[in-house]
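Asks: One letter stands for each residue in the lines below.
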Amino acid sequence: MLKGRFGGFFFQLIALLLAFGFVSLILLSVDASPAEAYKNMFNGSFGSMRKFAEVLVAFVPLLLVTAGLLVTFSSGLWNIGVEGQVVLGAITTTWVFRYFIESDLPPALIITLAILGGMLGGAVWASFTGVLKVFGGVNEIFGGLGLNFVATALTIYLIFGPWKRPGVASMSGTVPFPDEFSLPLLAGLRISPWALAIALAGIVVIYFILQGTYFGLRLKAVGKNFRAAYLLGIPTWQYSMYSFLICGALAGAAGAVQVAAVYHRLIPSISSGYGYLGLMVAMLINYNAIWAVPVALFFAALNIGSIQLPILMKLDSSLSGVLQGVLVLFVLLADGVRQKFARKA
Amino acid sequence: MTQETILIGLAGVLAAAAPVIFAVLGETLSERAGVINLSMNGTILLSAMGGFAAAYTTDNIVLGFLAGMLIGALVALVVAFASITLKQSQVAVGFVLALTCRDLSYFLGNPYMGLPGPRLQAIPIPVLGDIPVIGQLFFRQDPITYISFVAIFLAWVWIFRTRPGLMLQGIGEKPAAAFIRGANVNLMRYVYTVIGGALIGLAGPAYSLAIRAGWMGTISGLDGIGWIALSITIFGGWNPSRAAFGAYLFAFLQWLGLVLQPVLTQVPSQVLQVAPFPLMILTLLLVNIGDAEWVERALAAMPENTRKIMVKLLRAMRASPPAALGVPFERD
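Keeping their order, the protein sequence lines are chains L and B. Number 263 in this note's numbering belongs to position 263 of the first sequence; there are no gaps in the numbering. Number 171 in this note's numbering belongs to position 171 of the second sequence; there are no gaps in the numbering.
Simulated from the structure, these hints should not be mistaken for lab results. This one's a predicted model, so the numbers in the text were calculated from it and none came from an experiment. Treat the hints with care, since some could be wrong.
What the hints assert, rightly or not - Okay, the calculated beta carbon distance ranges per label pair: (1) Glu293/B to Lys344/L: 38 to 46 Å; (2) Arg163/B to Lys344/L: 31 to 39 Å; (3) Ala177/B to Phe341/L: 50 to 58 Å; (4) Leu200/L to Gln121/B: 54 to 62 Å; (5) Leu187/B to Arg343/L: 17 to 25 Å; (6) Pro34/L to Glu4/B: 40 to 48 Å; (7) Phe135/L to Leu258/B: 33 to 41 Å; (8) Pro178/L to Pro111/B: 39 to 47 Å; (9) Pro278/B to Pro178/L: 50 to 58 Å; (10) Leu200/L to Ala298/B: 44 to 52 Å.
In this text, a Cβ means the ideal position worked out from N, Cα and C, and glycines have one as well.
Can you make the complete structure from the sequences, with help from the hints?
Replies: What follows is the structure, given as structure tokens:
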């Protein structure tokens, strides 16, 4: 019973129950009712069409980032720098919009250019981590983390410096772009079907690349055993760079969507932590693309649902992060226990 | 700027480095034994919040510090259990804990936001504190800063001058050899990870009960310190004295950023605050670049004299991690 597909499912179910049990204890320790908290979170994300649209708004960048991370994880790289790659995508998209703000080109073309620009910006930023790793021997975790903080500083510098609002610069960001620079939204909601289509296309393409191409196979070979892949004649460092570039482009697309469809300007916290959250999603689905959509949707729902907590229960909205983290932790631990059983059996 | 203000500033640098010193020493011990504790950023935040909450509710500052150490030890125990007993990826577990502990500190710390709490006071040491310059720099600090001085020395002596310290080096470098010499490798890894975690947990209250007294949630400015401490550990080459130097350098640069701010009015303050990060990348590059293949080829192409100088320079900066860092040990 503990072996095979069903065994894995059994342990994941236990991990899920333990995670909710643990978070319930935390809630009880601050004299809050777990049932009420979960109910408020559920209603906050699925209670109305408007709220569910907000979940989708969070789902789009999270899915794009997860799709990119599936590529870097496949090639054995821990791309923590994904957060900064989202930020740079947003910055370059903003730059393209600013560049064309007076032009007579059709808005659809400008938006397309802006999103492509964002993907390019994310890819270039990711290539920095890649070059540091491949040519400088700097572990991608540290290079990426450092660049994340630099990316945030760059955003703040631009908002308070060269791109500041006429008059007084503020944390509310740059001047909002005119309406025609927005990806078309559904009437009365904040979700753009175009953004949703970009995200779903992203995960489908990545699934296809990883499962159905020779490129994907070689990428996974590099990830499983770098040395063996090298001896087999796979150009290993080039494959490491490719995976950084692909992940950076998808993260950049996430940043581009944040500007072109959600905020319509550059704000200091433009990435909203979706890069780090994407790492959690990728770990939770055990780097398996097929589960990316439901798990990313679940995590997005937790994020949006938790916004209700400070309003209705005077609890901090970071509860969603605690729940997500504890869930991933228990799944990792349960997987370790399962493997221990499997070794003994 | 007068000599007096510079001295006060530098004494402040020594105090500001204290939490980073504890974190870096804790991580060094843990990694010397072969376990990366990547949870550091979350551990520091959670122990800062927990330490403050404990000191606030009991009105006992010592209990606050002990609570911080207990939190750090418990988080490290999870890392140890997951990586040593369950053989899961240390990086994955550590990263998840880094995020989870951070969010947990914001969630549980909500009721303590902005409360005025106890704060450690400076205790000048008689006689020594009256020595000009030196007394002012080193001997008019608060107790936790004194402890940070002693901790650097003790950690160095322990690793490089004692028999158990030699065994510790063996566990991280050649666990199989240490095992043959009678060391219980996995037990020792547990012990050092947990002790290291307790030291990391001391960093939190060293902020929230001393140099940045109080708990301010997301605006505490503590988010990120753990990641910096992690890179200082590498910069320090897993050597307590060099790691301490890195921590002081970091604190000095932050102070310099503050001092220079009125001069560099064009640069927004947020940019100066992140100045350590590009420097961190640069130092990691310098520490590691000597191992890169293309550097070796470039060196070979250099004229004799230049090459000698370059090789010396690269070697001085170089730092290699313990050979078995992150590798599970199995007796077979």
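Asks: Starting from the range 40 to 48 Å, see whether the pair Pro34/L and Glu4/B falls in it by beta-carbon distance.
Replies: Because 57 Å falls outside the window, the suggested range is violated.
Asks: Are Phe135/L and Leu258/B spaced within 33 to 41 Å by their CB atoms?
Replies: holds (35 Å)
Asks: At the C-beta level, are Glu293/B and Lys344/L separated by a distance inside 38 to 46 Å?
Replies: Since the Cβ atoms of Glu293/B and Lys344/L sit about 42 Å apart, the hinted range of 38 to 46 Å holds.
Asks: Please test the hint of 39 to 47 Å on the beta carbon pair from Pro178/L and Pro111/B.
Replies: holds (44 Å)
Asks: Does 50 to 58 Å hold as the CB distance between Pro278/B and Pro178/L, or does it fail?
Replies: At 35 Å between Cβs, range violated.
Asks: Just tell me: holds or violated, for the beta carbon distance of Ala177/B and Phe341/L against 50 to 58 Å?
Replies: Hint violated: Cβ distance 31 Å, outside 50 to 58 Å.
Asks: Does the Cβ pair Leu200/L, Ala298/B satisfy 44 to 52 Å?
Replies: Between Leu200/L and Ala298/B, where Cβ atoms are some 46 Å apart, the hint holds.
Asks: Given the range 54 to 62 Å, decide if the beta-carbon distance of Leu200/L to Gln121/B lies inside it.
Replies: holds (59 Å)
Asks: Does 17 to 25 Å hold as the CB distance between Leu187/B and Arg343/L, or does it fail?
Replies: Given a distance of about 20 Å, which is inside 17 to 25 Å, the answer is holds.
Asks: When you take the CB atoms of Arg163/B and Lys344/L, is the distance between them in 31 to 39 Å?
Replies: For Arg163/B and Lys344/L the Cβ distance comes to about 36 Å; the hint holds.
Hints 3, 6 and 9 from the list above are not met by this structure, while the remaining hints are.
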